[in-house]
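Number of protein chains: 2
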Amino acid sequence: MKAKIHITLKSGVLDPQGKAVEHALAALGFGGVDSVRQGKYIEVDLAESNPETARSKIDAMCRQLLANTVIENYAFDLVE
Amino acid sequence: MKAKIHITLKSGVLDPQGKAVEHALAALGFGGVDSVRQGKYIEVDLAESNPETARSKIDAMCRQLLANTVIENYAFDLVE
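First to last, the sequence lines map onto chains A and B. Position one of the first sequence corresponds to residue 4 (my numbering), numbered consecutively onward. Position one of the second sequence corresponds to residue 4 (my numbering), numbered consecutively onward.
Simulated from the structure, these hints should not be mistaken for lab results. Some hints here could point you the wrong way.
Put simply, identical chains are the same to the list, so a pair is met inside one copy or across any two.
What the hints assert, rightly or not - Heads up, simulated BS3-like pairs for lysine-lysine below, C-alpha to C-alpha not over 30 Å straight-line:
id	residue 1	residue 2
1	K43	K22
2	K22	K7
3	K43	K13
4	K43	K5
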């Protein structure tokens, strides 16, 4: 079972990496870009076939290691 | 219109960041993790209402700046 995890900065938290990308896009001539936010995308392969167990494991991983819940939100989908 | 872009390493390309996460999860006592791959997730807000134009713009952004197509794949979805 595979988990696809998205970790994004909470709104209101400054995103200098996103700002840098925004300015680089403008410098390359891409107009009409209102905002860019950069986050992380993590794929975890789990040897776990029960979706409920997998869900609670991934949730614990996000809280304990993958996301800094003070400034980041996380969300994940499980796929077979 | 918002683009949700996923940038992932091509298979076969070493992912030291993913390996570090994998080892950290093991050290925290999370068993049964077969592999971890880390990528990037970028949200771009575009002032563009035509989906076709937006799609080609985002594709150009990915090729020219956001993804290193030698070692990375990219994929994106457009949402209103």
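Problem set entry | Which numbered hints fail | No numbers; nothing is violated.
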